[in-house]
Each structure stands twice: as C-alpha cells, then as structure tokens.
Amino acid sequence: MPRASLAQKKDFVTKAFCPRILALASPGVQDACAVNGFDTFADLLSPFGQDVLTQITIQDGQGAPYFLDKINVRFTTDFNIEKSPTQSSSDVDSLVNSCAAACVEHADPPFIGKDGVILDAAMADDISTWAPWYTLFRQQWVGDMQPSEHETFMHPVGCLLVASGSEADPIGALRALQTSAAVQRVLACGDGGTKMLFYYMLLHDGRDTAALQTIDLQFDQVRKTLGQNSALLKINTNTDLLGAADAGERIKISSIWSSDISATRPLAAQPEKSYGEMLTMRDVAALRDAVKLMLVRSVVPHMQYVVRVLSDQTASERRGITGRLFSAGRRYLNTTKAENTYVGADGEVYYRHKSPEAMLRKLADCSFMLKDYRFAQSVYQIARRDFQSEKAWLCYAGAQEMIGVCKLLWEVQTTKAEFDSVFEDAVSTYVHKTRTPRRHFLAVRCTVVYYELLKHHRFYMFAPGALLRGPSFSASLAALLNEQAAYSYLKAVPRPNVRKFAFYAMLASQAFQRAHMSDLANRCLHMVRVSLKSRPQEQIRADSDDEKSHGKATVGAKRPTRASMDEKAAAPSLPTTDEASVDKVSVTAKTKWTAIDSYINHELGRQSMAAHNFGEAFQYFMALMGDEKTPPKLQSKYLQELLQLFLESSDQLAGDYDGGKQASAIELSIPSIDPQLVRIIMSPELEGEDAMLEWRPDGSSPGKIGGGSGPQLPRCCSVGEVVAVLLVVTNPLAIGVTLSNLTLECAFEASGDAAATETTVDSALDISVVSTVILEGEQTTMVTVQIVPRRAGSVSILGAKYLLCDILPTFKSLVLPGRRMNDTKDQRMGVVHTPDTTLGFSVNSDLPRLEVTVDDLPDTLMSGSMHRACLRVANSGTLPCHSVAMWVSHPSFVGIRPPRLCNDEAELAEDTGMYVPLSDVRKHERVQVPNVLRDYSTFVLVGGQTDTPGSSAHCVEPLGSLGPGEAFTVPIWIRGDRVGAHTLSLCVGASSAATAPKDLVVMRSRRFEVDLLVTASLRVNAFVRPSARNPRERLLGVEVENMQPDLSVQLVQTTFTSGFYELVPVSSGNGREPHRALVGPRQSVSLVYRARPHATADRPCDSPEMFAVRALRQFIYSSEKPASTPEPIGLVYSNNVFAEQGIDCTHHSLQSYITRSQAHRRRNVLRSAYPLIPDKYHSAMFPLFESFGIDFVLFWSQVGGAERAGHHSISGIDLGVPHDYLVEGLNPPTEGAARTWLSDTMHDREALIQSIASRSESALRSERPLDVLIRVEAVQQSDCSLYVADVAISVYNHSWRYGYQFTLDLLSPHELDQFVAEGAKMEYSGSRAAWSWLDETSHSSSVEPHGLTVVRARLSCYAPGMIDVAVWRLQASAMLPAAVPTVFSSKSLDCVLYPTQPHFVHVGTV
Amino acid sequence: MSSTYYFAIVGTNDSPLYETELGVQRDESKYLNQFIVHAALDLVDDAQFMSTACYLKTIDRYNDWNVSAYVTPSNTRLMLLHETKADDAIRLFFTDCHELYLKTLLNPFYEPNTPIQSQAFDIKVNMLAKKYLF
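First to last, the sequence lines map onto chains A and B. The opening position of the first sequence corresponds to residue 1 in my numbering, with each subsequent residue numbered one higher. The opening position of the second sequence corresponds to residue 10001 in my numbering, with each subsequent residue numbered one higher.
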C-alpha cells in the first residue's frame, strides 16, 4: 500500500492526539468574530489547524533530526482539568441513537446480494461505508476527550492571546488575557521546568478604517513590549467590495467552517447561519498563513524546547541499568516518595507535575505529538514500569495504550504479540483496575483507536478480538462493536469468514434490540438471513464439478421433491397490500440449521409485526411452524403468536378472509397432509380395490392404463355413487391442535351436454364436512371426506381447507406434479410435468353401478381339498350392463361354475358340488378334447357368447346382460393346488359400453386379494418300472402317503389320461379294493398299474408331436410365423374306482378345471425349458397335451363324512420311452425358400437352435428305443442229459417315429470274460458254465415303429432250473424316411443296447 | 457434574447431519449453540490445513464456551461445544464418534451427506458421551 494512503488513514489517530492551543481573545476581537458568525476566536481559527504543512526538519528527543511534514493543532477556549466526561449507559445509548438518526439511510450494505454475500464487493469496499453511524460515533467519542491528570494530550502546549487593533490599549488587553483564570489553570498544571508559550496576535478589523493608519504602529509596540512571538492579522480588509462579492464565493468561504464543524463535531446542531460574512478569500489565506506562521515559528520550536528540557531532566530515569537502579533506590529508600504521588478524588493514584514520572509522560506525549513515535514509545515503556510499581493503574493503562499506538504508528512490521497484548492489557486495566468514572470512556477510546489502527494496517483478523474486549456496559455500544466485529470478519484474509459474520451480526442485532433500535436490529437480521444462504467457494466449485461430471443441466432439472413441495406449501398465498414487494422464496430463512432459522424467522416476524407489516410477518411465522425439532414451549409460543397476529391483522385484512375462500386461505405447513398418501376409494362400503384397468387379450393381469397421450383418468364412477377420500393427517408439532370444518376443495369439469351449461362445483358435487379433528402432539390420524357426484364430468381434488384452532382459515394444497415429460426439445431442456391425475376421477353417466362382493373366501386349505366361495355381482344402477369379466391369478386353484341370475329360490337350489358323481364309470373311455395351449385365466361372465379362438377369454355359459336391479352369482371352487402360502388375486371388470365389446380393453375393475395357506394332506409319487411280462408294457407305481396326523382318507377313484396309453391296475381285475383304498394317518399305500398302448392310438403323423415339430420348423425357418392351432386330441381316460360311486371326469366343469391346471403347468414348463421362445408363440407351437404323457388324478374324500374331498394330480408322467422328437424341428426344410433374416434375427434363431440342440444332448436322459424280452417256448432233453430250450426273443420298438434295423448278438456266458475284457459294461451274476446258446447266435432283422419282431433261438443247459439269460447285445440303427434330414436328430438313432437287469427263464423238465 | 455439551456432525455442504444436546437440556439456547458451532466452521476451514491430525483441539471460544473440532478425511466436521476443557476425553469421544459415523456410512441404505435419523446412532453417541465426557 502506498505510504500516502496509509498516512491518510491514520489521520484519525494523529488528529485525536494533536497539540491543543488555548486561544483567548479580547472583547474587541470577540466583536469581530461575532460579525462573522463565530462565537469565539478559536472557532475562527479551527479549520486552519488541520493538516498544516510545516515542511521543517526538527530534532527528536535524542538530538537526531527528522522531517516533520505536517501537523494538526486544535484551538480551545478553556482548560479545566476538573471537568470530566461521565459516560453512563443511557448517555451512550442516546449518543448512538443520535448517530444512527443522523444517518438517514439504513439500507443493506452493498455486499448483501439477493442470494448471499457478494464477496468481491465485500473485499473491495470500504468498511466505513457499511455503518456510517459508527464513523459518527467514533468521531464524536474521541472528540469528547477531556483533559486528564494521567496524560497531557489535552493540556495546551501554548496560549494564543489575541487583541484587536481597534481597542484603546491592545497591550493592556493582552496582558489582561495573560493573567486570566484560564491561563492560570494551565500554568498550574505545568511542571515548572519549562516556560509556558504565549503567542500574541493583534487583529485588525478592516471595518475599522480609522485604525488602519495606526495598526502597524500598534503592532510594533506590541512586538517591542511582548517579544517576537507576535503576529498581526488583518481581516475584513475589503468591506467595500463585499456587496459586490460573488455569492458562490460566499458559500465557498462559509463552507470552510461548516465542513470543519461537521467533521469535528458531527452531532452538533448546524446553526442556520453563514460563516465569514465579512471575509474574503484573502482573509482566509491570511488566517491560514497566520496559523502556519505561529506553528512553524513558535509552537513547534517551543515543543522541541520542551522535549529537550524534559529529556534532560529525565535523562537519569531513561539511562540504562544505572538509571533504573538509581530510580529504584530512590523509590524505595527516599522518603520523598509520597511527595511524587497523590490520590485523586476518584481514588486513582496520580503523579504530581514535578515528579519524574509525570515529566516522562509529558516528554513522551510531546514527542508523540511531534510524531517522534519511536522515542515516545521508549519513554512510555520506561514510565509504564514506574506506573506499574506504584500501582498507578490509570497512568499505567494510559502508557500501555500509547505504547501500542506508537508501535502501530511507527509503521515497522510488527507481530501481533507485540501490540495486541498491550492493548488487551490497557483495556483490561481500564475496566477492571481503575476506579475513575472515566474508565469506560477511556476503555472505549482505547478500543476505537486500536480498531482504527488495525483497519489502517488491514489487520482485520485481530479486529474482532479487539472490539469484543471492549466494555459492554451499554447495549447500543455492544451492538456497534459487534457490528464492526462482524464486518471485520468479512474483510478477513485470505477469505472472508461469512459464518462468523453471520454470528456477530446476530449478536449485534440482539444488542440493537436491547437498545430499542429496531431498525438497525432488523437490518442486522436481514444480513444474517442473507449471509446464511452463502456457500463457501470450494463447495460451489465442488457442486459445479459434480454437475458437470453427472452431465446434469444447470437449469433446475430435478423433479420437485417432497421437501421442495413443503417449501412451496409453506410459502403463503396471503394477499397483502405490499405483497408484490415481498419475495416469497427468499424472505424467510431456510437453511438446514433449524434452530437458527427459527430464531431469525421469529425475530423478523416479531419486528414485522411491530412495524404492522402483516404480510411479511405471516410468512415468517408460517415458516416457523414447519420445524418439528422446536421445543414444545416454543412451538406453543409460535402458534399463539401466529393466531394473535391473525387476529390483529384481521381488521386490515377483513375483506380478504370473509367466507373462507380458497384464494384467501393461508397455506400452512401444519398439520401435514401428504398428497401421495391420499386415497380415493370408490364405493367405500365394498371391499376390494377399485380402478379403471386395461384388460389385455393375452390373459395377463389387468394393469394400469398406459400409453397414449393426454390425461388418463384411472378411476371412474357413476353418478350418485359415493366416493370416499382418505386423508392421512399428521401433526408434526409436539403440541396439540384442532382442525374444524375440514373439507375438500375440488375442481369439476362437466362433460357431454352438461358442458354447454354452466356447472358449479357446488351443484355438481356434494362434499361432506368433518366438523372437528383433534390432533394430539405428533399424532397421525385418518380423516375421510365423502364426495357424491351429481353430474357427469371429471373431478380433481385441489386441496383441503379447514380452520386451524377455530381461528385461522387454512388451505392445504394436494396437487402434485405428474410424470416428467421428455418428448420434445423444450421438455428436455426444461422441466415439464404432466398434470397429475392421481387425485382425480371421472364421473360417467353411462357406467352401470355394480356391487361386487366375494363371499366365503378361505384362508386355509388342505392341499387338494376344495372350498366353495361365491362371487356376487349386482347392478344397483339404472343402466343395464352388457359386459362383465373375471380374471384370476392362479387358474390352477380356481374352478368356476356358470353364472346364474339369482332370485332367492334359484340361489338356494344352485350348487351340486365340485364333482359330478357317476355310478357307472367306464374303465377306458376315449374322448376328443381341444388341445390348444393358452391362458385360461380370464372368464367372461356377461356378454361373451362364443369362445372365439385366439382370445384368452374363457366363457362358461355367460349371461347375455345384467339389467338394473338384477344380480347374479358365480360359484367358485378354490382348491389347494400347491402347498405353501399364496396370494390369490381376483379381478372383476365391467365395461361401460352399451353393447358387449368384442375385446376386453378398458374396464372398471374391482380387485380382490386373499391370502391362502395350503397345508399338506397327501403326498403322491409316481415311479416307472419295465415290465418283465411284455416288452410293450411299463409298470407305473403310485405311492400315496397321508401326511395328516389325524385324518383318514378314502381313495375314491384314480383316473389316468393319455393320448396313447391305457392303464389297468396290476393287482385286481375289477379294481375295487376298499381295504387298499383306505389310507390312515401317516400311512402310505402303493398302487401299481400296467401301462400299455391303447388299441385306438392315433397315427404318428397326426400326433401333437408332429404338430410341434412342424410349428418349430416354421418358426425358425419360414417367413410366416406359426399361427395354426393343433387338432383336438383323443384322450384315453383310464378310470379305477375304489368307492361305490365314481366321478365323471369327462364332465365339462371338471374337464375345464383340469385343462386350466394342465395349461398352467405346461406353460411354466415350456417357459423354463425354452426361454428363447416368446410366450405369445407357445399356443401356436406347442399342444396342450402330448401323446405319450400320462396325467394322473387321484380323487379322495375324508373318511366319516363328505365334508372334505378333493383330488391330487400328477401331470406329464413320462414312461421313459424315447420322445426326443423336438430336435427334428431344427432341421431346415427340404422345400420352400427360407427367408433372408436380418442379422439380429439370425442371431436369435441360431441361439434358439443351439439351445434346443444342446438341451437334447445334455438334459434329456438316455433312452432305450428298443426293448428285448426272452421267453422259453419248449424244452427238450437230449441224449447227453442236456436240456435244450427253444426261446422266442421279442424285440419291441417304443419309438413312434422311426423303425429300426437291428442285429441281436447272443453271447455265450463262458465267453463273457473275453467279451467283458473288450470294455463293455455288462455285469452278469448267473452261472457261466451251466448253459450256453446253440446254433446261430447273431440275428438281424428290423422292427417298425411300435412294432414287435420275434427272433427264435435255442439254448442248452445241464440241469433244469432258473437261468439268467440276460447276455446279449443289440445293435440298432434307425430306418429314416427319405424326407427326414439328419443334421439334427435324436441321439437314439443308432444305439447299442445291453441288458440292464437279470432276466430269468425257467428251464424245467420235459 | 452438570455440564452441557452440544455435539454436531456437519456435512460437506455445511448442513448438520446429526446434532444432539448432551447433559442438561436448555431450550432457550438451542439457536445459540447452532450459531456458535456454525460460526466456528470458518475457523475449522482454516485450521484443518495447519495440522495433519484429524483432531483440531479447541479452535474457537465464545464467552465460557469452547468449540472443539474433528475433521474426517472426507471433510465431515465433528463439532463439540463444551464448557470444561478435557482434551484427551474429547479426543477419544471424537475418535469413537468418527468410527460410529463410518459404520453409518457403510450402511447401504444411508445416503452420504444426509441427516442421520438412526435411533441406534443416537443411543451410541449418548453412551460415548457418558463414557468420556461425564
């Protein structure tokens, strides 16, 4: 910083501690002054004592020369050391008030921006402009310095005696002045070692033209008589020209004094007069020259003389260790100790003027006034030591203060420790150790001087500490100091401490409040509120980096969160006169420091209330209400004040609040009603969830309406239907509140014909009013408001309104933003939301009003058992209904009966049970059933006439329509299909269309859900064994285990269905075995059946398997997707009845249920086995039943009654014969051009082919297409006692697709070792030497699909008995049709078979 | 001993993540506690670069109140407002609270720099306060 500017800034201190000159004037001079508007001659000279350019070189106390550039001097008219300022707190308060009142402008400082503190402005701006009242206070405070015994700054260094030339005896007048009382008082304070400086001035008043001739003569006489310290001053020289003087010049002359008064005594009342009426610019120049001459010629040399004399007199005190020892010795040994000090009236220890300590102080002060700070500091330090030892605390504190000032004015780089501690000591001593009434004044003066010097050196970091150490006996003074401390934090380097600034500004506001200076308190609180918004620069940078890295748009591209909604809700919509000037968003404090926010908002609210600014006060108080962490006492207080505020402001705002209109109600944050938790319940007396849902034709669960543009109303009701709106009301406060007259604010838009006429909300809707809601602290309650629409249209809920505590009309908005739009460029660049439709519903006059109830839903079932529930649908409206459908989530759990219109009798007569009993059940029955695999989860109850192919809707004798007042019931049999906990969903939908729609699209739906727990009852396992009797047959065993601990089960019937096999029980011909059909608790029963091909089995080319192969090939290679459906299949029902009465499995009710179960299972199997085939192609590619799968159903009933009955089933039992047929579909067709695929499609197809091919190789078990059975036909005994037996070897082909050529090698048992050595895996446990094959042992033949070929052979043995003949090898290869390509084929096309188990034949005697 | 402590965890965006008053509860000075701690953050910003340790000791004082600070490596500030001086106990308290805060950060359901609502955290902080401060 340039030294020039530094010098300017420290002027305050140098001017405060400048030399004083006592200016006394004779009465004649007083007259001349009065003519020009001055009270005293000192006032006339006052402006010219400032910044007098001396430009001389003088000597310091040690004789060293230095250059004195300029000096300040003040003129006083009196000197009275007894006069002392008593500064009580009320005086200080009034002084500060005066300072604040003098500054008309109380606007925010320039660094306070809208969004926080503008740091650049804060750093660049001058601190003195932020609080001009402090500058005034500082000037006034230091200007009030009065003479004191402990320092000599206010002691005049000389006396200026002025006499007028117009007086008769100027010399006599001057002598009279010299002996005046004021001069005598000054002399009484002198040390006697130095003479008092008298400077005589003869004033010539130009008006006295008579004296013009004699003035020079008089001046010569004065000079001769009184010495060289005399001067002649001529003013009012050209009175003749005054009348013609320029008015501008007059103002200019007058302003010299007026500006001086405003600078030195800023709070003095400016009299309405112009100074220097009779003066010209020449006179001004003469005055300035006279003062300068006096200073240069007399005052400064005299001060130098005083310094030199005092320096000599105190040399021993200042001279090293010797002087100190001498001084100490004299102090302790000399009896004159008491003569040097005395105790003043105020109890302080002072030094007499002739004492060395007093002279030291005077020496230092004089050196200081001559700007010899270095020497002054050294003298102060010497004097301080003596003051301390004598416990002269006032003198000590003064010396300490001046030491610090000297250090800082010396402009040598000093550290904090060097000056801060002395100032701290000075203030502390002033306040705590001295007893003088002036101690507070001196402490404040010390603080102010120190603060000014710190500002001068830009040591802003020390300033707060210095200011806060100051005495705080007055609230206004503390406020001023705290405010300055806050500003100092803002100027701190290297970066502003904004948070510290906020804290001390808050303390300042508190102090201002205590001092009843609400304007400044408000100003400080505003600064706090704004500064709390500021964020550190590092954080701003970090946030911007984050945004860049995440690629976020800088415009607020966030969906409004719950918090922001609350914030908006907290912003009131209070119409006030000055609302436009209030920024709603920024007016209240909103940081995460809740207690700080609450405090600021409360204080600002109270101040706004006191200022009758009710609109702003409302905002502050409402912001207070949202904080949950506020202690209950404060919450109660805030609420009371808010209500009081409303009552007080009601007169002003009476016109706005009458009638409780929505626009005039206040949006308050308590209690909170979350719009996301608001529920609209149609027909609240009914169970189930009500909504408009989309029913897709693929049988999936009816879901929310998606797609399309424009608002979609998901809910719909008919005219006159009751709609309940459920509000969750939470009181976040810890204190209780009461809400009264709670109702909803809705918007209604009429549709249809009513839209043309004007329809009001009141006429279209009946909205109930909840009279009282009492909310305890932190309580959450649910409030239901009912709406009954009277006209067709759309209703949207805007918010809730109520009276808070019976006083405050409050409105709570329940509007949420809808989905974020992202369709157009504007929507992507900005934030656009669709209108929210969750809190709305439409009223459709065409919609029939249905009441849907489901009765008797079970919660626990045994697996396999049945329970009857009932669906009842009643049309309570005035319009007929033409379409009703039902969807179930677990089709394998549900069996339904056709709907029946219910009148009382018919309803009772309905229901014959789940099963249709039949006394004469046929053992084998072949029935043609549809073989289409599709989703059977949707049922048409009303309106559907035919079961159209391709549609998932399943019709069970639906009704044509449902007229007004009619009702129908649907019996629903719910079966525990799988063990475990299940949630069954059931959805009933009705269309508003006048006629039955072709497709089920959008229906008003009611969804029910029931939790069902299925416990285990029976465990049924099936196993397969080969038959030793017939190679065509397999043995199928069924093991039934009763899992129940106390329940006996009677097996009623078993039914097998298969497209190829028929099954007969092994044990008995008639199959009725009651003793075997009873399964006790925890017992098990095994049933064994023989499976054999049915006589009327389909030909392979028509089988469902071929359909699947063709469809797969078409799916993969053809240009057209498979769309055909498989032919019906003839299923063979093999029944085995255990009880007296059987069950008709071919009845359509049971058949449809079994079909649904099968479809459900089959779809799950296919979905997991072939995940790459989309679900929608399942029905076109796979049949429902396979030819060779066997489905097993076991019907049972509880023993001892028919209360509980049911059935278990196993689907898709595989007998282990080869069915690896699907890989054939992977072969490309021999004819027909394959489509050229896109690359993606090609990849998909290849992946599908690979998955199916690899599954064929890995997942499927090894299968034996051929089976061998050896039977002895005849036995002969030869001569050698050998037994020779003719055997027939039957080779059966299980494959439905290929014939096989085979070679049967009969191996001799004794050669088996040699054969085994070749590596074949054949374990033979029979006797190897007891028998052998005869004749030809290698037979070649062929066998057709499902054909049997018999090979004749012979064997011989030594003795009759049982022989294990399972020693053979069968090499087979398939005979492929010419059309079948072989890229992908079954792995059992070529195989070598060995026996897997022993095969005994009996060779007996002839 | 009826000392009063105010403990706050301040996130990187200067918002308090957790705050509690330990010892004698004084409703009327809640805002002052927050103000003092909030203002002390300015000094923490300067002091953290003067030391390599997390514990910055007493960094600020106002009247009889002292503010001790602890800065985690992720620049989360643990602030304690206290009357009595017990550097070692406060350091141990801070260290354990830091560990507790780390465990909270490991919770996948906790979003960093958001207020800590866990009651378990509150209970553990009170236990640590009883262990070290009272």
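Derived from the structure by calculation, the hints contain no laboratory data. Note that this is a predicted model, so its numbers are computed, not measured. Glycine residues also receive a C-beta, built at the ideal position from the N, C-alpha and C atoms. One or more hints might be untrue.
Stated by the list, open to error - Only pairs whose alpha carbons sit at most 20 Å apart, straight line, appear in this in silico SDA-like list of lysine to any residue:
| # | chain 1 | residue 1 | chain 2 | residue 2 |
| --- | --- | --- | --- | --- |
| 1 | A | Lys592 | B | Glu10021 |
| 2 | A | Lys491 | A | Pro110 |
| 3 | A | Lys533 | B | Asn10013 |
| 4 | A | Lys195 | A | Gln304 |
| 5 | A | Lys533 | B | Leu10092 |
| 6 | A | Lys592 | B | Ile10116 |
| 7 | A | Lys592 | B | Asn10013 |
| 8 | A | Lys629 | B | Ile10123 |
| 9 | A | Lys923 | A | Asp1144 |
| 10 | A | Lys590 | B | Asn10113 |
| 11 | A | Lys252 | A | Asp220 |
| 12 | A | Lys15 | A | Ser128 |
| 13 | A | Lys433 | A | Arg495 |
| 14 | A | Lys629 | B | Asp10045 |
| 15 | B | Lys10131 | B | Thr10076 |
| 16 | B | Lys10103 | B | Asn10113 |
| 17 | A | Lys533 | B | Asp10045 |
| 18 | A | Lys533 | B | Ile10123 |
| 19 | A | Lys491 | B | Leu10092 |
Stated by the list, open to error - Distance ranges between label pairs, derived from CB positions:
| # | chain 1 | residue 1 | chain 2 | residue 2 | range |
| --- | --- | --- | --- | --- | --- |
| 20 | B | Ile10123 | A | Ser771 | 52 to 60 Å |
| 21 | A | Glu105 | B | Asp10087 | 46 to 54 Å |
| 22 | B | Ala10120 | A | Asp120 | 42 to 50 Å |
| 23 | A | Asp1046 | B | Ala10120 | 42 to 50 Å |
| 24 | B | Asp10064 | A | Gln644 | 34 to 42 Å |
| 25 | A | Arg1167 | B | Ala10120 | 53 to 61 Å |
| 26 | B | Ile10123 | A | Glu105 | 50 to 58 Å |
| 27 | B | Pro10073 | A | Val1010 | 35 to 43 Å |
Requested in this report: Assess, step by step, whether the Cα of Lys533 of chain A is no farther than 20 Å from the Cα of Ile10123 of chain B, and give holds or violated.
Outcome: Violated, at about 32 Å.
Query raised in the report: Using the C-beta atoms of Asp10064 of chain B and Gln644 of chain A, is the stated range 34 to 42 Å upheld?
Result: Distance hint for Asp10064 of chain B, Gln644 of chain A holds at roughly 36 Å.
Query raised in the report: Are the Cα positions of Lys592 of chain A and Ile10116 of chain B separated by 20 Å at most?
Result: It holds: about 13 Å lies between the C-alpha atoms, which stays within 20 Å.
Query raised in the report: Holds or violated: are the alpha carbons of Lys533 of chain A and Asp10045 of chain B at most 20 Å from each other?
Result: holds, 18 Å
Query raised in the report: Given the hint that Lys592 of chain A pairs with Asn10013 of chain B, does the C-alpha gap stay at or below 20 Å?
Result: This hinted pair holds, its Cα atoms lying about 10 Å apart.
Query raised in the report: Between Lys629 of chain A and Asp10045 of chain B, does the CA-CA distance stay at or below 20 Å?
Result: Violated. Lys629 of chain A to Asp10045 of chain B sits at ~28 Å, over the 20 Å cutoff.
Query raised in the report: Is the straight-line distance between the alpha-carbon of Lys590 of chain A and that of Asn10113 of chain B 20 Å or less?
Result: holds, 18 Å
Report task. For Arg1167 of chain A and Ala10120 of chain B, compare the CB-CB distance with the range 53 to 61 Å and indicate the outcome. Result -> violated, 44 Å
Query - 20 Å Cα cutoff - pair Lys10103 of chain B, Asn10113 of chain B - result: holds, 14 Å
Requested in this report: Verify the proposed pairing of Lys491 of chain A with Pro110 of chain A, using a straight-line Cα cut of 20 Å.
Outcome: holds, 14 Å
Report task. Check the following: the C-beta atoms of Pro10073 of chain B and Val1010 of chain A are separated by a distance inside 35 to 43 Å. Result -> violated, 55 Å
Query raised in the report: Should the hint that Asp1046 of chain A and Ala10120 of chain B are 42 to 50 Å apart at their CB atoms be regarded as holding?
Result: Since the Cβ atoms of Asp1046 of chain A and Ala10120 of chain B sit about 47 Å apart, the hinted range of 42 to 50 Å holds.
Violated hints, in rising order: 5, 11, 13, 14, 15, 18, 19, 20, 25, 27; the structure is consistent with all others.
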